[in-house]
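K.L.:
Please build the complex by placing chains R and H on the supplied structure of chain L, with the hints as guidance.
Taken in sequence, the protein lines are chains L, R and H. FYI, in this note's numbering the residues of the first sequence are 1410 to 1701. FYI, in this note's numbering the residues of the second sequence are 76 to 453. FYI, in this note's numbering the residues of the third sequence are 65 to 316.
Hints may contain errors.
Quick list of simulated restraints, FRET-style, between CB atoms [said to hold, decoys possible]:
#1 R:THR203 to H:LYS175: 44 to 54 Å
#2 H:LYS175 to R:SER293: 34 to 44 Å
#3 L:ALA1431 to R:LEU178: 44 to 54 Å
#4 H:HIS208 to L:VAL1437: 52 to 62 Å
Residues on chain R that point at chain H, a partial pick, calculated with CB under 8 Å [as the list claims (entries may be wrong)]:
#5 ASP253
#6 PRO254
#7 GLN340
No lab work stands behind these hints, which were simulated from the structure alone. From the three backbone atoms N, C-alpha and C, an ideal C-beta is built for every residue, glycine too.
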Amino acid sequence: MSTETFVVNPVRLRLRMVRDHAMVGLCVLALAAAVVPLVWILWDVMAIGAANLSWAFLTELPGPPTVGGGGWANAIVGSAVVVGMAMLMGVPVGVGAGIYMSEYGDNVLGRATRFLSEVLAGIPSIVAGVVAYGLIVVTMGRFSAMSGAVALAILFIPVVAITTQEALRLIPRDQREASFALGMAEAPTTLRVVLPAAMGNVLTGVMIATARIAGETAPLLFTAFNNRFWMEGLDQPTATIPVNIYAYAISPFPEWHDQAWAGAFVLLAIVLVSNVIARTLWARRARFMRGE
Amino acid sequence: MVEPDLRRVPGPPVEAGGAAGPGRAAGRSGVARPESGRAAAASPWAAPLSPRTETLSPLAGPLSPRRGGHRPPAPFRLRDRLVQRWFRYATGLVAALVVAVTLIVAHQLWVGSQSTWQEWGLSFLTRTEWNPVRGEFGALPFIAGTLLTSLMALAMAVPVSLGIAILLSEYAPRFVRDPLIFIVELLAAIPSVVLGLWGIFVLAPLMQSRILPAIAASPLGWLPIFGEPGPGYNLFTASVILAIMVLPIIASLSREVLLAVPLDQKEAALALGSTRWEAVQHVVLAYGRSGIFSAAILGLARALGETMAVTMTIGNRVALTFDYFEPGYSMTAIIANELREAATELHVSALVAVGLVLFCLSFVLNAAARLLVLRLGR
Amino acid sequence: MAERMTTRQLTVRFGNAEAVRRVDMEIPPRSVTAIIGPSGCGKTTFLRALNRMHDFTPVARVEGSVRLGDREIYGNGMNPVELRTRVGMVFQRPNPFPTMSIRQNVTYAPKRHGLARGPELEELVERVLRQAALWDEVKDRLDHSATSLSGGQQQRLCIARALAVEPQVLLMDEPASALDPTATQKIEDLIYDLKQEYTIVIVTHNMQQAGRVSDHTAFFYMGHLIEYGATDDLFTNPRNERTEAYITGRFG
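This is chain L alone, in the form it adopts within the complex (with noise of 0.2 Å):
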């Protein structure tokens, strides 16, 4: 026997082995070209943001343009309180719409559901704030609290009833089927067995979209609108941290930018830890149903 057959040439071979250790390397760029703007991102942000970050900031009402100082307090409020009630009535709905389209919706209203809860996920977040501007700023005739909450559950709904009937999805057949051979209806089945098991999946979709519309400004531009000062009423026009970075970040004072940069690094903290308390969440629920 001879291995003197050599099928394959050998500079070509090489030329071969060099290509695909080049390719490799040009994957590895790629991923630097994604992880270098990240990085100098959250470093400036940090930074910046940190180094103007104050007590005042989060406790004080803004100051003058001119003289500076004071704080984003009514901003905060402003954001939790639209937040807030976004999800009030973002999560029954979500939730509700997300279990019909798991558990009962092989059917015409299922179907429509599960469609157009895609096409209201995809459209940009603006619309949902022109939407609430027509229906409720320009009948009101004034900017208010609650059409930026409209606006933003528009956007909540369809992300959180997307995720919930993902979630169910992945329960297996054979614990409904248990459920159901212990004598338990449909109705229990989906309460007790069903949505406790996906409970850490629910949970986790509804903190992830609960920081995305913490980030939104777009669709507050014109709804919720702006305020100097404390919020009066749900119908009154508000501040929130994402319109006051945008507000400040466009001004022409130099404190100003300070200032967006320290609301820029509370928003982002506020994105990034309620993303990582989901992540926890999800982790500690999954080591759970592992039996650790």
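P.N.:
What follows is chains R and H alone, placed relative to chain L:
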């Protein structure tokens, strides 16, 4: 040994008829796809950070009904039957509400833009003048600005995303893969307005002082889309910010597509003496072609609708330009800047009309992406 | 063309689990060697160690020696890409490339390796498709998608595709298990023809098949090579009681 509760002995199908006929009952029993189970077992690091509702699964339809298969027992007690009916109706009502909200959104955009359509009809889309004082409105500069920035963003983001997706699905060992997925998803979680802030104070000045002159001096500068370097707020800067925003979306969707390529396809290529890259290029990418295309379309849809980061970097100048180094305007930016202060009914309706165009574009793109994947899954 | 393969103390581990344990085996050229054994006995793992397919499984560790002719395939001098052109593989389920035509499936590997071009390539396509007994069935539709073929035809296409790089050894992992009896018959006939030119190793859990097509048979159990010998001897006169128990159907 578990004793069944005799009061809840399954009744004949007729008993279930109160709320659901036999036909409807068939669809109730839930079937979880086996693939979904795999996702549940994935590492906690792989949990999505971003609110990503795009899914490329062609199987995202209803739970498949098993006719004549399993059916839950009909509750015997009246109270249980009422609870059951109530629960189904309540969730159904809520689902109907989602349908209603979507229809209201579409209806509101249509009604709110009527004055514009009556005034100009479809020529609103091709008119270039936008003058609120004189009451002249045309959407072309904004449509052009949106398309130019989105397409440029896609041109930058797709190769990079694909490289990341290939690296994460084919090459990276597990212990670096999961943290890297986390990092890429982190990028998707940064709010648009924060990116815009960074764009204003970091990227735009850098563009003006370094990057634009460098591009103009390089061979790329000969391209007709690049004119004289000017201020840092322009179509190109907006495109770069948009690319950063859509990159994680395209990357994670493409990664899912690549992971779905059957192992035996890769192995067939490797067993024939392909290098790993050749297996990726000729077999994996070829197999996932339409899925990757769908991912790019969904990325485009996201870029079209992006508002704050674009508004803060594009320059906000109403002009029909094809020079990326000049300031421009986008559909989202004009709404963000003017709806607040629009004084005349016609002005408001023109802005709502722009919103309607955005709605239709994103609808068409989302539907196209889904259809493509369905065709693949056939 | 055909080459001998020799393993010495070949061990394959997945993490802590040993799937193949210290196997010494000599696979003679121009013959068919069948590997039989119950599910999970390590026969597929063994087969995949012969063309280094475990390279892509991060947890897999291969120890010991495997030689192709007189070259150590796990040694420094052997590029796994080159190795796999010499040691081809056919998988359990037919896996033609669905995005390529029948012709492209065959020409894919020769093009990569720069083996042939132009008219040579056309000759190669005809030759290997004839070798795989598929030519008459597909010669009029070479540009159709490979997925338009039946399962048995697809598997023969996969064999043709593997033959197109002119390998010295052909590894087959239960190549007929996903096929109907008629298609199985064709694959078995094909294996019989191919052994004139190639060293063939076939994993099967169908003992009748092993008896029909192979010259030598190896019985694996719990990762160990229990018994190895001429097929006729092993089936009529097994020396090991576990082999006997298995081939008489008392377990497995």
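K.L.:
Hint by hint, note whether the structure agrees.
P.N.:
Against the structure, the hints:
no., hint, in the structure
1, R:THR203 to H:LYS175: 44 to 54 Å, "holds, 52 Å"
2, H:LYS175 to R:SER293: 34 to 44 Å, "holds, 36 Å"
3, L:ALA1431 to R:LEU178: 44 to 54 Å, "holds, 53 Å"
4, H:HIS208 to L:VAL1437: 52 to 62 Å, "violated, 39 Å"
5, ASP253, "violated, 14 Å"
6, PRO254, "violated, 16 Å"
7, GLN340, "holds, 6 Å"
Consistency note: the structure conflicts with the earlier hints numbered 4, 5 and 6.
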